[in-house]
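Peer 1: Work the whole structure out from these sequences, hints included.
Residue numbers (my numbering), protein chains in the order written: chain A, 1 to 142; chain B, 1 to 142; chain C, 1 to 81; chain D, 1 to 81.
There are no misleading hints in this set.
The calculated SDA-like cross-link candidates involving lysine to any residue, where the alpha carbons are at most 25 Å apart (straight line), are:
| no. | chain 1 | residue 1 | chain 2 | residue 2 |
| --- | --- | --- | --- | --- |
| 1 | B | LYS56 | D | ASP63 |
| 2 | A | LYS114 | B | ARG19 |
| 3 | A | LYS56 | C | ILE65 |
| 4 | B | LYS56 | D | ASP58 |
| 5 | A | LYS56 | C | ASP70 |
| 6 | A | LYS114 | C | LEU14 |
| 7 | B | LYS114 | B | HIS6 |
| 8 | B | LYS56 | D | GLU71 |
| 9 | B | LYS56 | D | ILE65 |
Source of the hints: derived by calculation from the structure; they are not laboratory data.
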Amino acid sequence: MVRLTHDPIDPGALLETVRSPHCGAVALFLGTVRDLTGEQVTVFLDYEAYPPMAEKKMAEIEVEARRRWEVGEVGLVHRLGRLSVGEVSVAVAVSAPHRAAAFDACRYAIDALKELVPIWKRENAPDGSGTWVHQSAKPGDR
Amino acid sequence: MVRLTHDPIDPGALLETVRSPHCGAVALFLGTVRDLTGEQVTVFLDYEAYPPMAEKKMAEIEVEARRRWEVGEVGLVHRLGRLSVGEVSVAVAVSAPHRAAAFDACRYAIDALKELVPIWKRENAPDGSGTWVHQSAKPGDR
Amino acid sequence: MSFTVHLFAGARELARAEMVTIDLPAGATVADVRTALARAKPILTRLLGRSAIALNHDFADDDHILAPGDELAVIPPVSGG
Amino acid sequence: MSFTVHLFAGARELARAEMVTIDLPAGATVADVRTALARAKPILTRLLGRSAIALNHDFADDDHILAPGDELAVIPPVSGG
Chain A
1 MVRLTHDPID PGALLETVRS PHCGAVALFL GTVRDLTGEQ VTVFLDYEAY PPMAEKKMAE
61 IEVEARRRWE VGEVGLVHRL GRLSVGEVSV AVAVSAPHRA AAFDACRYAI DALKELVPIW
121 KRENAPDGSG TWVHQSAKPG DR
Chain B
1 MVRLTHDPID PGALLETVRS PHCGAVALFL GTVRDLTGEQ VTVFLDYEAY PPMAEKKMAE
61 IEVEARRRWE VGEVGLVHRL GRLSVGEVSV AVAVSAPHRA AAFDACRYAI DALKELVPIW
121 KRENAPDGSG TWVHQSAKPG DR
Chain C
1 MSFTVHLFAG ARELARAEMV TIDLPAGATV ADVRTALARA KPILTRLLGR SAIALNHDFA
61 DDDHILAPGD ELAVIPPVSG G
Chain D
1 MSFTVHLFAG ARELARAEMV TIDLPAGATV ADVRTALARA KPILTRLLGR SAIALNHDFA
61 DDDHILAPGD ELAVIPPVSG G
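Peer 2: Rendered as structure tokens:
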């Protein structure tokens, strides 16, 4: 299950959607808005996506995680719009019969999402200035 | 924060206790009661602990995780008593400024808990028979 | 052939536009999209050098040949998560 | 010296007791606890071979010398999580 949403992410609800009696392990990752990036104070973030491509890439990440590990359910949710410090921007939950697969697939999914999914954030400082973050190498380039 | 409890574990509440504006990453692991262990059908589990030693060992695991990784908050909760299939037996949550530390510390904590903490489970089959699980090597032996 | 190219994030802000329409001859490639975009919106030139081009919601190689109706987008370095 | 040894899980079920009291001479070690337990509750002998002995809530080596008031426990292979 992959989803983009403008609403707050409820991690507990996401956990419920991936849990299963056949799976003894669930791994969850939450990305949350930090108050500091290096020296720079952030007061809020704006997230923007290219939605059809983002959903397609997220679905491909789920397929690849299922191909590489024995997993039960996979949930990948990214929030869009304006987020305050402390809010959840992304959540990845994976259930699996065994914990190694749950951890490995969860970590793969968040790593791949940050590398391949067309979503961008704009960091907004206390002085009202804002900058889109485009620091890394070309997406898809590794 | 480490805790033994006879009440159901609320993963969402545990996540809230470890989240922090300085930490952009939270990793959570849930262990849940599986319906099958190999061929064996489980209908419920009983968990028993040596409470003072279990809490001491869990606190040592938190200390070691903090020594080895840059983490914010650590939460380790184990349920005791009778659990039905699908219920959460253990939850580990770790917040950290960066996701690698959150994942690594979370995984370390559950691995160490399963190796070192004096808690035991009894698997109860549909025919009413039950067996304490004492399969692994001596605790503390690796 | 006429193509609409979607712009996002920093590219959208620099160009002050959510999309740019470019005209290309038959047989044009993704590399030609880059050239046409830089001509239409010179301010994008530097960011284009660090961006991927998406074609029908996939990352496209520069030598890929366009077909009528292809959906194009500039994908600057991503920062989701 | 008299010591109470706590039993858990399979050890508790086999011995049908939550604790066993053993008497040991001054200078006795954790290895002597194992011997005394196997004598007091022979049914534990096999499981003791796969169990650790905890002393004051830590895993104890067999050559550790006991002091009055030490809290002892049999720790069979754990299966929490």
